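K.L.:
One letter stands for each residue in the lines below.
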Amino acid sequence: ETGVTQSPTHLIKTRGQQVTLRCSSQSGHNTVSWYQQALGQGPQFIFQYYREEENGRGNFPPRFSGLQFPNYSSELNVNALELDDSALYLCASSLDQYSPGAFFGQGTRLTVV
Amino acid sequence: AQSVTQLDSQVPVFEEAPVELRCNYSSSVSVYLFWYVQYPNQGLQLLLKYLSGSTLVESINGFEAEFNKSQTSFHLRKPSVHISDTAEYFCAVSSANTNAGKSTFGDGTTLTVKP
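So the sequences go chain by chain: A and B.
Heads up, the first sequence is in this note's numbering, so the first residue is 1 and it goes up one at a time.
Heads up, the second sequence is in this note's numbering, so the first residue is 1 and it goes up one at a time.
Just so you know, the hints here were simulated from the structure itself, not pulled from any lab data.
As the structure is a computational prediction, the values presented were derived from the model and not from experiment.
We treat Cβ as the ideally placed atom computed from N, Cα and C, and that holds for glycine.
One or more of the hints may lead you astray.
What the hints assert, rightly or not - Far from chain B, some chain A residues (derived; all Cβ distances over 12 Å):
| no. | residue |
| --- | --- |
| 1 | 63 |
| 2 | 67 |
| 3 | 98 |
To be verified - Calculated cross-link-like contacts (lysine to any residue; reagent style SDA-like; alpha-carbon spacing at most 20 Å):
| no. | chain 1 | residue 1 | chain 2 | residue 2 |
| --- | --- | --- | --- | --- |
| 4 | B | 102 | A | 50 |
| 5 | A | 13 | A | 58 |
| 6 | B | 102 | A | 96 |
| 7 | B | 102 | A | 56 |
| 8 | B | 102 | A | 13 |
| 9 | B | 49 | A | 99 |
| 10 | B | 102 | A | 73 |
| 11 | B | 102 | A | 98 |
| 12 | B | 69 | B | 32 |
| 13 | B | 102 | A | 53 |
| 14 | B | 102 | B | 26 |
| 15 | B | 69 | B | 48 |
| 16 | B | 102 | A | 51 |
| 17 | B | 69 | B | 86 |
| 18 | B | 102 | A | 58 |
| 19 | B | 49 | B | 62 |
| 20 | B | 49 | B | 3 |
| 21 | B | 102 | A | 80 |
| 22 | B | 49 | A | 80 |
| 23 | B | 102 | A | 41 |
| 24 | A | 13 | A | 109 |
| 25 | B | 102 | A | 106 |
| 26 | B | 49 | A | 29 |
| 27 | B | 102 | B | 30 |
| 28 | A | 13 | A | 75 |
| 29 | B | 114 | B | 14 |
| 30 | B | 69 | B | 114 |
| 31 | B | 102 | A | 64 |
| 32 | B | 102 | A | 28 |
| 33 | B | 102 | A | 44 |
| 34 | B | 102 | A | 67 |
| 35 | A | 13 | A | 80 |
| 36 | B | 102 | A | 95 |
| 37 | B | 102 | B | 37 |
Just chain A, same shape as in the assembly (with noise of 0.2 Å):
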């Protein structure tokens, strides 16, 4: 079985710009999160899809927006890039929106300048 991959590992935005993120699911998962994890601390839940529909969100603003795909891949897009915004975004992925625990990819490192 496949593990959740994600694109890329690495990325510089310039503030105020957009920037899309990747993950593909481990087979057989429907359920996917994303998390942030800025320097130091903890994951933050953003938000969760399940069958391609939102299914649960953290306390970030809109501008943060996500989709799932039928394959149940992900992206996550973040408009009006800030300096905070700078972090390791995690992928989580799930068998289902019951299912406790997750599988998680390696990350994907965003520097906003």
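Chain A is already provided as a structure; the job is to place chain B on it using the hints.
P.N.:
Below, chain B alone, put in the same frame as chain A:
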């Protein structure tokens, strides 16, 4: 709302010594509890989880954690650590009732194992 407090931000320990990483949580509903490990520049790996049943759960590499409902704790222990256990450890909680896939994480404990 749920919260997780990891009581030690850094834990230095010598190789082959025992270690305990402390985690307390707060929740108004029944919970699932997890420990994840993160090696430098990598994602999180699930170390062990408590869902129900026996309050003592074990991982394949010698770690164990005990769910204590009265003290709302889920401390991680290992009787003898190796250099390779050096990593960041995160305690996490999710609701056992709805949306179990959404987890709240602590800020992590850096375990450094010295020779």
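K.L.:
Of all the hints given earlier, name the ones this structure violates by number, lowest first.
P.N.:
Per hint list: 3, 5, 8, 17, 21, 22 and 30 violated.
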